[in-house]
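Below are the chains, spelled out letter by letter.
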Amino acid sequence: AQSVAQPEDQVNVAEGNPLTVKCTYSVSGNPYLFWYVQYPNRGLQFLLKYITGDNLVKGSYGFEAEFNKSQTSFHLKKPSALVSDSALYFCAVRDVAFNAGNMLTFGGGTRLMVKP
Amino acid sequence: DTGVSQDPRHKITKRGQNVTFRCDPISEHNRLYWYRQTLGQGPEFLTYFQNEAQLEKSRLLSDRFSAERPKGSFSTLEIQRTEQGDSAMYLCASSLYRARQETQYFGPGTRLLVL
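Chains as they are written, first to last, in my numbering: chain V, 391 to 506; chain B, 10 to 124.
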């Protein structure tokens, strides 16, 4: 079975400071990893994904994430936070083992609050 | 560029009534997924289609739930005899599946409230 943990319900950061939103995962095979962002009363917007290759993945709006296989982590980062980054962030995993299914399994979400 | 659309955006119904939601995927996307999201939680997988075939269903999908994608384009999700526990956001996503790789793009969701 695949699972995702986002250990922080909320992350607070001042505008202009770097931000990190943490994600760890568990799969039986190899992972495909994703980050999505959700604004109030909206669906999920795709930010970035890791499939294979370079462990540092760059995505939309200046976000990036680093895949660390030994720590089973995929933390989301941004060098300089904006107030408009305030939203709910979800990490998701898909296990690409042969019999693992095709669905995404999501973490519980982390609310990012960027203060001016 | 037209994204995933869902209709209605909001639905209020009384317990015991049937409801149906529609999802229109991104054009030419061959896969379509349904997820349910309750307040304060991440989305949970319900079912998915590849073209018109329903390939996988979650144990969350009780007998009261049925989904169709008759022509491999839009999909409907019906809930019969709704219960208060069905209150949630129902999210649809579509993807173009090639060589085991895909990115799911989500619609705005349908928020269901069962009174």
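Since the hints were made in silico from the structure, they are not lab data. Keep in mind that the hints are not guaranteed to be accurate.
So the derived label-pair ranges between C-beta atoms look like this [stated by the list, open to error]: (1) V:Asn402 to B:Ser82: 41 to 51 Å; (2) B:Pro17 to V:Gly491: 44 to 54 Å; (3) V:Ser416 to B:Gln50: 32 to 42 Å; (4) V:Ala404 to B:Lys80: 49 to 59 Å; (5) B:Ile21 to V:Lys459: 44 to 54 Å; (6) B:Arg31 to V:Asp444: 38 to 48 Å; (7) V:Gly419 to B:Thr11: 14 to 24 Å; (8) B:Thr11 to V:Pro408: 34 to 44 Å; (9) B:Pro79 to V:Ala395: 19 to 29 Å.
Everything numeric in this text was worked out from a predicted model, so none of it was measured. Cβ coordinates follow ideal geometry from the N, Cα and C atoms, glycine included.
Do the hints match the structure? See the list:
{"no.": "1", "hint": "V:Asn402 to B:Ser82: 41 to 51 Å", "verdict": "holds, 44 Å"}
{"no.": "2", "hint": "B:Pro17 to V:Gly491: 44 to 54 Å", "verdict": "violated, 29 Å"}
{"no.": "3", "hint": "V:Ser416 to B:Gln50: 32 to 42 Å", "verdict": "violated, 18 Å"}
{"no.": "4", "hint": "V:Ala404 to B:Lys80: 49 to 59 Å", "verdict": "holds, 51 Å"}
{"no.": "5", "hint": "B:Ile21 to V:Lys459: 44 to 54 Å", "verdict": "holds, 46 Å"}
{"no.": "6", "hint": "B:Arg31 to V:Asp444: 38 to 48 Å", "verdict": "holds, 39 Å"}
{"no.": "7", "hint": "V:Gly419 to B:Thr11: 14 to 24 Å", "verdict": "violated, 34 Å"}
{"no.": "8", "hint": "B:Thr11 to V:Pro408: 34 to 44 Å", "verdict": "holds, 36 Å"}
{"no.": "9", "hint": "B:Pro79 to V:Ala395: 19 to 29 Å", "verdict": "violated, 38 Å"}
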